[in-house]
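K.L.:
Take these sequences, add in the hints, and give me the full structure.
Chains as they are written, first to last, in this note's numbering: chain Y, 1 to 101; chain B, 1 to 162; chain S, 1 to 640; chain Z, 1 to 494.
By construction, these hints were calculated from the structure, which means they are not laboratory data.
These numbers were taken from a predicted model, which means no experiment stands behind them.
It cannot be assumed that every hint is accurate.
Claimed, not checked - Below, a list of computed lysine-lysine pairs in the DSBU-like style, where the Cα atoms sit at most 30 Å apart:
(1) S/113 <-> S/476
(2) S/384 <-> Y/95
(3) S/165 <-> Z/32
(4) S/384 <-> S/548
(5) S/608 <-> Z/158
(6) Z/158 <-> Z/110
(7) Z/354 <-> Z/110
(8) Z/457 <-> Z/32
(9) Z/158 <-> Z/32
(10) Y/88 <-> S/608
(11) S/165 <-> Z/354
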Amino acid sequence: MAVGLEHFLVLSAVLFAIGLYGVLAKRNAVVILMSIEIMLTAVNIAMVAFSRYGQFITGQVFVIFIMVVAAAEVAVGLALIIAIYRSKKTVDSEKFDLMKW
Amino acid sequence: MGMDIAFWILAVVSVASALAVVLTRDLFRAALFLVLCFFTVAGIYATLSADFLAGAQVLIYVGAIGVFIIFAIMLTRDSRQGSPSGRLRLPALFIGFLFLATMIFALVNTDWNVVAEVPTESTTSAIAHAIFSEDGFVLAFEIAAALMLAAIIGAIVLVRDK
Amino acid sequence: MPNIAVWAIFLLPFLSFLIIGLILRPFFNNRPMLSAYTTIIAIAGSLILSIWALIAVNGAENHVLTDVSYQWLSIGDLVINIGITMDSLAAIMVVTVSTISLLVQIYSIGYMKGDGGFARYFAFMSLFTGSMLGLVMANNLLFLFLFWEGVGLCSYLLIGFWFHKPSAARAAMKAFLVTRIGDFGFLVAVIFLYVKTGTFDIGELHELALAGVLGGTTLTLAAIGIFSGAVGKSGQFPLHTWLPDAMEGPTPVSALIHAATMVTAGVYLIARMFPMIASSETAITVVAIIGGFTAIFAASMGLVATDIKRVLAFSTISQLGYMMLGMGAVGMGYASGAIDEHHAMALGVAVAIFHLFTHAFFKALLFLGSGSVSHATGTFDMRKMGGLRKIQPWTYATFLIGSLSLAGIWPLAGFWSKEGILHEANAYAPVLFWLAMITVFMTAFYMFRAVFLTFHGEYRGGEEGSHGHGLHESPKIIIIPLVILAVFAVIAGWLPVGDFLGADVHFSFFGALTSWLAWVSLIFGFAGILLAYAIYGRKLLSAESIGKSLGPIYTLLIRKYFIDELYERIFLMRFLVDGVFVVLGWIDAHIVDGAVNGVAMVTMTGGKVMRRLETGQLQVYGLAIFVGILAIVAFLFMFN
Amino acid sequence: MEFPYLSAIIFLPVIGAIIIALLPGANPRRIKLTAALFTAVSFALSLALFAMFDRSIDGPQFVEQFSWIPAFNVQYFLGVDGLSLPLVLLTTFIGFLAVLISWKVDLRIKEYFAWLLLLEMGILGVFCSLDLILFFIFWEVELIPMYMLISIWGTGRKEYSAIKFVLYTLFGSAFMLAGILLLYLQAGTFDMIVLAGMGLDSILSSMMAGGIFFLIIVAYAIKLPIVPFHTWLPDAHTDAPTAVSVVLAGVLLKMGGYGMIRVSVSIFPETAERYALLFVVIAVIGVIYGAALTLRQTDLKKLIAYSSVSHMGFVLLGIFALSEVSMTGAVLQMVSHGVITGLLFAMVGLVYYKTHERSIPRLGGLVRQMPVIAVVFSIAGFAALGLPGTSGFAAEAITFVGSYGSTIVSGIEIYTILAITGVVFSAGYILWMLRRVFYGPPWDEYNGVPDADRLEKVYIFAFVAVIMLIGLYPVIFTNVIKMGIQPIVGMING
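P.N.:
In structure tokens:
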């Protein structure tokens, strides 16, 4: 069969699920961040696919914004990881329970 | 037909490299697989005739974010320990599969209003129009710029030595 | 003018109480005699007004001098009045009460000399007398109840006068509580009657009862309720247990309680309510049976008591039983139709009040005499007395007169009034009559047992260390009231009390000796005296050996039929305190409050468990987010 | 416009509290005098109100009515009628005496008196409000000072007791709020006078009327308290400081009884009639159960606290006998119990202050050391056991006569008789307590313990005077109370 919208969407979903698994299952904060990027990318694919098959350009505009946000997020996220690493000497997410009172 | 073949190759590679990112224990390799993944995604954009985005993808993701991550890996010594999985591996796997199944079920069963004809001209000018025209996304664009600036300053503040 | 004078009869002692309580005690405490004089003047004033009232009532139309009511309270259809009446019954009572009280107060000056609570004592005595005077004059039941409880309060305060003695404090509490149980019935009856008839007024209630408007079960229940109040106050079986213990108060208080102000209130109440109670055959039969039974029951316990005041206390209970019996018998006669209504109503009141009247004098005399004895010996235990005849001749003489009067020996006061009751009992309640006859014998026996033990034989030492110096006759201030009372104990029976109350209960002076009844009772009386003389005077028979041969009965009597044990040990302590209250306490702490604390605990434990979920780990939260998303999606799938 | 008497009475204590809080330095004497002054003026004003009250007309007087939150038709609506006026007077009276009773407090004086005055404000507000939202706000406001006063100045398990009191009351309040809002949604107003005149029983379905009725009454049932919602009471009373116990027993409990008459019975007379049997039975259980528990207490304060449970049973009986006489008796019983129990707690406070002992077995023979205290304690005790001539008897007798004669519930005669047995029980525990604490031989360890001083005599004799006044001449109050009760009873019968 010919490649259509569904194919891109399924690809997007698969990448998203892989990213999700990485976010939830990995212990290294950097890898978690990387997995988040995969998820964002997956979303971008879906956006672009809709844009392509739906004939509206807004999807692509949004992808640009997502890229901007992703870049900003990576910058801040990595800075945070480094800051935490300085104070805790680890980037193991299971050793952080800062959200518990 | 050529497009179809390209898609299949790119899709398989991107999924495989994404899997490698989350499965490999070596942090540095994971980063490299991530870069590979981003590259293939840029290719996917190209098959979707989004040439401008494909370029941006290569510049931003492959270039900037990839480098960032590799820097971060080098700055955090934990990289030696590699990238083990945590206690939540099985639940995460389960939830991930369930989520995937749900999404696929949903999108396969949805009737997408697809426009059949494929435009082939470059989208760059169309995007520029959408952003910079009279009632476009100028304000959002400016805000995005400001956000970037804030993120950069924030990152500097965070990593600066006390 | 007459109204004000009548009100003043009971308000004067109240005034005296207020003066002592608010002025003399706080500001002139260094001059205690002022309190005594205030009290005596007030009560003397009451006495003068009472005698005036008695004369005035005699001349008044229908023998009612005053009958006034003022509205005290009005809510919706509830109207409560306060009002007094001065009729022949009230007149006799006020005279009796104020006479006895006045003599007791005079006696108290000598008896209480030097006591730290002198002023307090006279304040309470004023209040006591005032309450009793108010009680006998009240014309409606609720107002009467006010004084009724006032009398109870004063008896509590005076029995517990020496509050530093644990036994006194205990006895006071017991007196109040036991009478309160009776008062409960009384109060319920009052409310019940009000709701059924719309009035608290005694006169109206009588009219309703006699007219038959108020009758049947309603009347019986109400009458029994009122009688339960009287049972409590007058120490009738089964609420008699407080009276012997009440001897813990100062002796003049006992005299007042027994002769005039407290226990007679019960008899008075039944007399006052007689037309109503007699209208219910069941109720009046109950009165007669309780009265007759109490008479012999209490007398039997008097046979063995060793404390002279307790002997007198049991005798009081027994004599009050007589009074109840007298009214009960007449009421039964009325119920059976043997006596017509008009005569019955007067007769029932007359026999009882006549006995109450004579009894007041000789019983006050006996108590004050026992006080005089104890003044010398420092004890009330007859086993430690003896031979006081020569040391205290006046006391002995007056005590002897009192005893003879109580034993019902012709021609002393007790004979006449007792004959009246026995006569009615013989006519209308023969079984109870024979019980009463046996009681006559017992009465004579225990009184002369007391006389012989106390005044005859050798002196047996008194209380160690109480009065170090030699025995002596009491001072004049004590002897004079005794002599006055002794005179009354002789002549009170010759006064036309019954006629005054509208019924002829008198026999002519010698004519009384022509009836077989008089002879039988005299023989019983003399038999009692002789037996006492044989055992305690001449010691022909040994009291110990008799006691031994009748071992179980003796024990039963000396332990007062174990009724105190039954009430206090078994019912109160075992059943209520150790049983019901513990169970209720457990329920309250563990079930009622436990439920409250349980809810709190479940909440807190729940919180602790839930808190465990909050690990603080990002990924767990992330997982939860996606579980939530899936749940929402599942929900949408299911319901769309 | 008339002078706003009620606002003045309610908010004078607040002004006092603010001044105390702002007073520079911590001169205890100045703080106490300020508190005494403001409560005394408030008391004097309410006395004046009592004198000026027109005893011949129905309905609220001294009304102040302004729109407050127009969107929801909420008003600032104050007014007193025959039902609330005696309680206002009682509150200001006890409020003033509570200041005097607190004279010897020496911990964080400034805050203490400020909270005490705020407490008085809350209670006064409840009695004066005629708008349900205003009523509810005052109802809740009173909790905060109470919590502070118990948990900071209390004794024993004070935190536990304070939190228990607050949570228990809030629990009830939540239901009441739900009830009030439901009522608003059905009737469109929070105005109690309007609501009472609407005849909501017949307008609403019986399900709805019953639902609202029970939602609202839960709060009052907890406050009064009725069995089985009473367990906060012994804890709170026992652990509170003396003056707070006095206020708690004296007026706080009366908010419950007041609410039952003012809100539950006035607005839903027929529903109240329908469920009267239930409440009468609970009342009788409360009387006997409370009395039985009282008999086994060994802590002086606990004993008096439990006796309140028993006595509040009489109030409940009187209210739900739903006759004019019984309800008048119930209100009089609230006033009378306020004064008597207030005095009892004050006396316990004195005994405790002087001997540092509250356990009955460890006290004895105190009458020699403290004769005045013993006498006044005895008077209070006799008033509590309903001796004629004291307010206790007047109130109880009226309640009993009214209940016995009520025709609302079949068999109420039996219930009333059972309730009267409570009088015998109360004689038991009061006399037992007096005997154990005051009589018997004096104990050496209490030698030199002082009797009441002049200030203490002033306030205890003030209590005694009121007790005797009501006992001898209850008409002063019943004439006012019945003006408030008549319209309510009129609705039940009409």
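K.L.:
Taking only the CA atoms, is the gap from residue 158 of chain Z to residue 32 of chain Z under or equal to 30 Å?
P.N.:
Roughly 24 Å separates the two Cα atoms, so the pair holds.
K.L.:
For a C-alpha distance cap of 30 Å, please report whether residue 457 of chain Z and residue 32 of chain Z respect it.
P.N.:
18 Å, holds
K.L.:
If you draw a straight line from the CA of residue 165 of chain S to the CA of residue 32 of chain Z, is it 30 Å or shorter?
P.N.:
The given pair, whose Cα atoms are some 42 Å apart, is violated under the 30 Å limit.
K.L.:
Check whether the Cα positions of residue 165 of chain S and residue 354 of chain Z lie no farther apart than 30 Å.
P.N.:
23 Å, holds
K.L.:
Is the straight-line distance between the alpha-carbon of residue 608 of chain S and that of residue 158 of chain Z 30 Å or less?
P.N.:
24 Å, holds
K.L.:
Sort out whether residue 548 of chain S lies within 30 Å of residue 384 of chain S, counting only the CA atoms.
P.N.:
Since the Cα atoms of residue 384 of chain S and residue 548 of chain S sit roughly 21 Å apart, the hinted pair holds (cutoff 30 Å).
K.L.:
Compare the distance between the alpha carbons of residue 158 of chain Z and residue 110 of chain Z with 30 Å, and conclude whether the hinted pair is satisfied.
P.N.:
Answer holds: residue 158 of chain Z to residue 110 of chain Z is near 20 Å, not above 30 Å.
K.L.:
Are the Cα positions of residue 88 of chain Y and residue 608 of chain S separated by 30 Å at most?
P.N.:
Given pair residue 88 of chain Y, residue 608 of chain S holds - Cα atoms ~28 Å apart, limit 30 Å.
K.L.:
Starting from residue 113 of chain S, check that the Cα of residue 476 of chain S is at most 30 Å away, please.
P.N.:
Roughly 13 Å between the alpha carbons, so the hint for residue 113 of chain S and residue 476 of chain S holds.
K.L.:
Does residue 110 of chain Z sit within 30 Å of residue 354 of chain Z, going by the straight-line distance between their CA atoms?
P.N.:
24 Å, holds
K.L.:
Is it true that the CA of residue 384 of chain S sits at most 30 Å from the CA of residue 95 of chain Y?
P.N.:
This hinted pair is violated, its Cα atoms lying about 94 Å apart.
Violation of the numbered hints given earlier is confined to hints 2, 3; the remaining hints are satisfied by the structure.
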